[in-house]
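Turn these sequences into a full structure, and let the hints guide you.
Residue strings, one per chain:
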Amino acid sequence: MARIVSLGPVDAGKAWRLEAECLLGRRLDCHVCVHDQRASRRHARVRREADGLYLEDLGSSNGTFINGKRVEGAQRLRHGDELELGVGGARFRADLSDEAAPMTDRGSVTVTAGAEATTAMIEVANLAKVLEKRRGSTGDLEAEREIERLQRKLQAMYRSADTVAGAQDPTGLLERVVALVLEVFPQASTAAAVLVDPRTHEFRTPCARRRRGAAAGVQIPQAVVDRVLRQGHSVLLRAPGEGSPTDTMVIKNPLVRVLGDGVDPPEGGAVGWRMGAPLTFRSEHHGILHVEAEAALGYFTQDDLDLLGGLATQASLALHLIQLHQGLLARERIDHDLRLARQIQRSLLPREPPRVTGVDFAVHYEPAFQVGGDFYDFLWLDPLKLALCVGDVSGKAISGALFMARVTSEVRAVAPLDGAPRRVLGRVNRVLAEVSEDGMFVTMVYLALDLTSQTLRYANAGHTTPLIRRGGRVLPLEASEARAMPLAVTPRMEVGEATVALEPGDLLLLYTDGIIEARSRSGEFYGQARLEAVLAATAAGARGTLEAVLADLDRFVEDAPQADDQTVVCVHFTGGAVGRTSLAPEE
Amino acid sequence: MLTHETTEKGNATILRFSGSLDALTVPEVRPAVDRLIERGGIKVVVDMSAVTTIDSSGVALIISLFKRLGAQKGVVRVAGVAGQPKEIFYFLRLEQALALFPSVDEALKGF
Chain A
-15 MARIVSLGPV DAGKAWRLEA ECLLGRRLDC HVCVHDQRAS RRHARVRREA
35 DGLYLEDLGS SNGTFINGKR VEGAQRLRHG DELELGVGGA RFRADLSDEA
85 APMTDRGSVT VTAGAEATTA MIEVANLAKV LEKRRGSTGD LEAEREIERL
135 QRKLQAMYRS ADTVAGAQDP TGLLERVVAL VLEVFPQAST AAAVLVDPRT
185 HEFRTPCARR RRGAAAGVQI PQAVVDRVLR QGHSVLLRAP GEGSPTDTMV
235 IKNPLVRVLG DGVDPPEGGA VGWRMGAPLT FRSEHHGILH VEAEAALGYF
285 TQDDLDLLGG LATQASLALH LIQLHQGLLA RERIDHDLRL ARQIQRSLLP
335 REPPRVTGVD FAVHYEPAFQ VGGDFYDFLW LDPLKLALCV GDVSGKAISG
385 ALFMARVTSE VRAVAPLDGA PRRVLGRVNR VLAEVSEDGM FVTMVYLALD
435 LTSQTLRYAN AGHTTPLIRR GGRVLPLEAS EARAMPLAVT PRMEVGEATV
485 ALEPGDLLLL YTDGIIEARS RSGEFYGQAR LEAVLAATAA GARGTLEAVL
535 ADLDRFVEDA PQADDQTVVC VHFTGGAVGR TSLAPEE
Chain B
483 MLTHETTEKG NATILRFSGS LDALTVPEVR PAVDRLIERG GIKVVVDMSA
533 VTTIDSSGVA LIISLFKRLG AQKGVVRVAG VAGQPKEIFY FLRLEQALAL
583 FPSVDEALKG F
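Protein chains in written order, with this note's numbering: chain A, -15 to 571; chain B, 483 to 593.
Think of the hints as simulated: they come from the structure by calculation, not from any bench. Model, not experiment: these values are computed from the prediction. Built from N, CA and C at the ideal position, the CB exists for glycine as well. Don't take each hint at face value.
Stated by the list, open to error - Which residues of chain B face chain A? A few of them, derived with a C-beta cut under 10 Å, are:
hint : residue
1    : 486
2    : 501
3    : 504
4    : 510
5    : 511
6    : 512
7    : 532
8    : 545
9    : 550
10   : 568
11   : 573
12   : 577
13   : 579
14   : 583
Right under this line is the structure:
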């Protein structure tokens, strides 16, 4: 019988059976009477329909949530779902483990998840049929047990199809699969999904669970991961600790082997304490599923290994489908929205740098995707004062581009009012902190160049450190008083500024974190130190220095893909008389 | 490499990261963080004590959590930040905006 179990805050651990229809609420006559003020008197209802149990909110004041998502209309309950009556209110876990999967027609399984996964299910179902026949004729106890095992397996496979069907993203999927593995194997103490980076072959564990206690410290030996991936099939390890070949038993395509042996039970009583199954789809290795038994609870048999292999096959297929789906969605978004966003954004960046006698500019702007979050701008404050800014908006795509439009227009509106960089950033911050509620923020360095006094005043809101090359040395503009947090994080931001006197020949380099956080093929950051080194090593002007920096960066990253926008602005004070030689383009 | 885990303690949700919070790993944890934010109105302690390194993507994740939950009357406290991540947080002056605590226990006090 399906049931729900209270997770607190009151009655934790108490369970209620879910009848054909049952009410949840504060009223005493509710089937599940909830002692929590956030619950409405008649809060929600669980109803049984032909295909399962459905939860519906009965117009409660604080809403009903399944796994943190608000329930609209009637929503099908799945095993393990977490119910919440009002945010922070009474929580329950749905225990539908006894809900029978449709078992009536074992020979013809409905194909729901895809060919590979259902093949495994059909094989199990066929085998169950063969064994059932044999039980009918002989009353064989061994066959009886075998049928039980196979039924458990088949049920798990059905539930797994259900489990993977609702996942929207790879992590969500793996979390569901790992939870299912712990349920299916009562002897398991930990379960984890390991993903392998196809490029670096490094592995990481996006989700790990322990039956009891925190998941921290769940360790999956590299040797096990390597081995499962190398061999491409499920592996049962006898020793609890490591996997030396003599301690292990390897089974190739276990389902087929069992079928090939007809009705004989698995031989030898091979057991193990650790199993790994590859998450592989068409020779593409995503990672492995890993499960470890607790000696006190039991061990794994070949049957368990078959089952884990089946679950892994289904999970791999679902993983592949999700990735395909995400890929399609991403491409659609690019095709529609991004083209527009790109136009908006390009129109906001200066078409060309200003023309100033005695000052040369060179700019490199390279978005990682069609639309970037980086921006730069040049503004004439008066005929002898030029403001420069370089920034990076945290949002991507169209929302990022629109936010960037807002940022640049605010800067353009505020900058002419007051030349002090700290007041420009302060004012821009106050506006942005109010308008952006969706988690976006922006880093920006703002510099005011006074052509008369040849000084540079600057303030830096969480952006990378501007560098000045003077002779063969590099001077980072990193005065502590000029540093502030990124803009739009909070309206309460303290920001100061600093001034540096320029010398003839100085070269100012501004850049975004896409430069120093560019990675080599081995995953190493380019870093500020390398940038300083290449800057110090060249004596070229604005264009030449820009090219030297980009060439060094290219050598470093080789053919690694560009992950973030890259912007570099070089300003070279060539010496001698300076002055404005043309109007700024936006005017 | 990065792992994350969410636990409930009293009326707070503890989000613990272990490993490196960077451009390569942040996309993996973003769905979990988004789910947390969708719950709205909650108190979250981000346990950073096992975060070894952080880059701008990691910082963006934390700021975005802080801002989006804050916009929904939620509260974020950051606990146990140390080493390179701590340097970055202070370099970015984020201690002026984020409530930093030496440990999860300290962060839970009076939460």
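Going down the list of hints, with the structure as the test:
1. 486: 8 Å, holds
2. 501: Where the cut-off is 10 Å and the nearest Cβ of chain A is about 7 Å from residue 501(B), the hint holds.
3. 504: 8 Å, holds
4. 510: 5 Å, holds
5. 511: 7 Å, holds
6. 512: 8 Å, holds
7. 532: Holds, because the Cβ-Cβ distance from residue 532(B) to chain A comes to roughly 8 Å (cut-off 10 Å).
8. 545: 5 Å, holds
9. 550: 4 Å, holds
10. 568: 15 Å, violated
11. 573: 7 Å, holds
12. 577: 9 Å, holds
13. 579: 4 Å, holds
14. 583: 18 Å, violated
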